[in-house]
Amino acid sequence: MHFSIFAMMKIQNDLILRAAKGEDIERYPVWLMRQAGRILPEYREVRGKLSGFKELVETPERAAEVTIQPVDLLGVDAAIIFSDILVVPEAMGLEYQMIEKKGPWFEKTIRSEEALKYAEFDFDVEDRLGYVTEAIRITNKELGGRVPLIGFAGAPWTIFCYMTEGQGSKTFSESRKILFTNPTLAHELLVRITKVTIQYLKAQIKAGAHMVQIFDSWAGILGKEQYAEFGLKYMDQIASAITEVPVTIFAKGAYNSVVEIAAMDCNTIGVDWNMQITDIRNSVGEKRTLQGNLDPCVLYSSHNEVERQTNNMLNSFISKRHIVNLGHGVYPDIDPEKVKTFINTVKNYELKH
Numbered sequence: 176m177h178f179s180i181f182a183m184m185k186i187q188n189d190l191i192l193r194a195a196k197g198e199d200i201e202r203y204p205v206w207l208m209r210q211a212g213r214i215l216p217e218y219r220e221v222r223g224k225l226s227g228f229k230e231l232v233e234t235p236e237r238a239a240e241v242t243i244q245p246v247d248l249l250g251v252d253a254a255i256i257f258s259d260i261l262v263v264p265e266a267m268g269l270e271y272q273m274i275e276k277k278g279p280w281f282e283k284t285i286r287s288e289e290a291l292k293y294a295e296f297d298f299d300v301e302d303r304l305g306y307v308t309e310a311i312r313i314t315n316k317e318l319g320g321r322v323p324l325i326g327f328a329g330a331p332w333t334i335f336c337y338m339t340e341g342q343g344s345k346t347f348s349e350s351r352k353i354l355f356t357n358p359t360l361a362h363e364l365l366v367r368i369t370k371v372t373i374q375y376l377k378a379q380i381k382a383g384a385h386m387v388q389i390f391d392s393w394a395g396i397l398g399k400e401q402y403a404e405f406g407l408k409y410m411d412q413i414a415s416a417i418t419e420v421p422v423t424i425f426a427k428g429a430y431n432s433v434v435e436i437a438a439m440d441c442n443t444i445g446v447d448w449n450m451q452i453t454d455i456r457n458s459v460g461e462k463r464t465l466q467g468n469l470d471p472c473v474l475y476s477s478h479n480e481v482e483r484q485t486n487n488m489l490n491s492f493i494s495k496r497h498i499v500n501l502g503h504g505v506y507p508d509i510d511p512e513k514v515k516t517f518i519n520t521v522k523n524y525e526l527k528h
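Here the working numbering runs 175 ahead of the position in the sequence shown, where the first position is 1.
Hints were generated in silico from the structure; no laboratory data involved.
Since the structure is predicted, the reported quantities are computational estimates derived from the model, not experimental observations.
Since no wrong hints were added, every one of them can be taken at face value.
Dumping the calculated EDC-like pairs for lysine to aspartate or glutamate here, alpha-carbon to alpha-carbon at most 20 Å:
id : residue 1 : residue 2
1  : Lys185    : Asp199
2  : Lys277    : Glu230
3  : Lys513    : Glu482
4  : Lys283    : Asp259
5  : Lys495    : Asp199
From just these sequences and the hints, can you work out the full model?
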């Protein structure tokens, strides 16, 4: 496979890549999910010049600009490309809108065999999602090798939820209903999503992503057996297919499936804030890096409390195989100065291993 020149560029700060591979590190690397935007006034200034979220995602130069902002302004150890997991269903033929204060909305949904026409999978991913790969190339050029760039995609189960539900939900009962009433349809749609996702992640890597993360935001709404059949099975196929760069799997709420996730061909397991790091480490041993897992709401407290809680978390690690992050994405009304306190506390922490 031909790789972008930026993918081969020497990275000045490669802490996160070394941590993911289980190599020696001098301190824990730190970044935040949803760091590209949300909390930064500079992000809101860029977005304010455009029609909305989707135009920002689909404009490579602007997406690259907001991707780099947290590196410059917060001092994180990695950039993550500014995009959205829902670009995949849109590329497949299911257009979405991002409605302010309500979230994503799909006019059409897939709840029958006939509706599978909105789930194309035999197409040129670069042709339909080239704005993401172009944003990756621009970002790497502008970063100049300062930190690695993370690419990402939604896990098939989470994408399935949006394609069948048509919007966010507290229960995703329409999505889960299909698993019981028409499992054949469910598997066909999941197969299609998986094929496109593998191509999409490989396109990101070819463009210059140094590692990739798979987000399964709705993993926790399924029981263990159902998640094994309709979630893990397809995530495993993606993890096995991505051999070029380190892979992180973040399955929010999948407490009962951590051992199975650790058995996949991934480097890092994302841990949400409801999970105890020591329990997870004891379950998976030293064979995988863990990522997480400060409760994002800690960042609403005082600077002293943010520092205390962060140090408590760091003290709970019993291995160097850790990438520091929140247990989910940073909330948009959090003070960036509190985020800096979190990041600086991690950077100043003395490794004891």
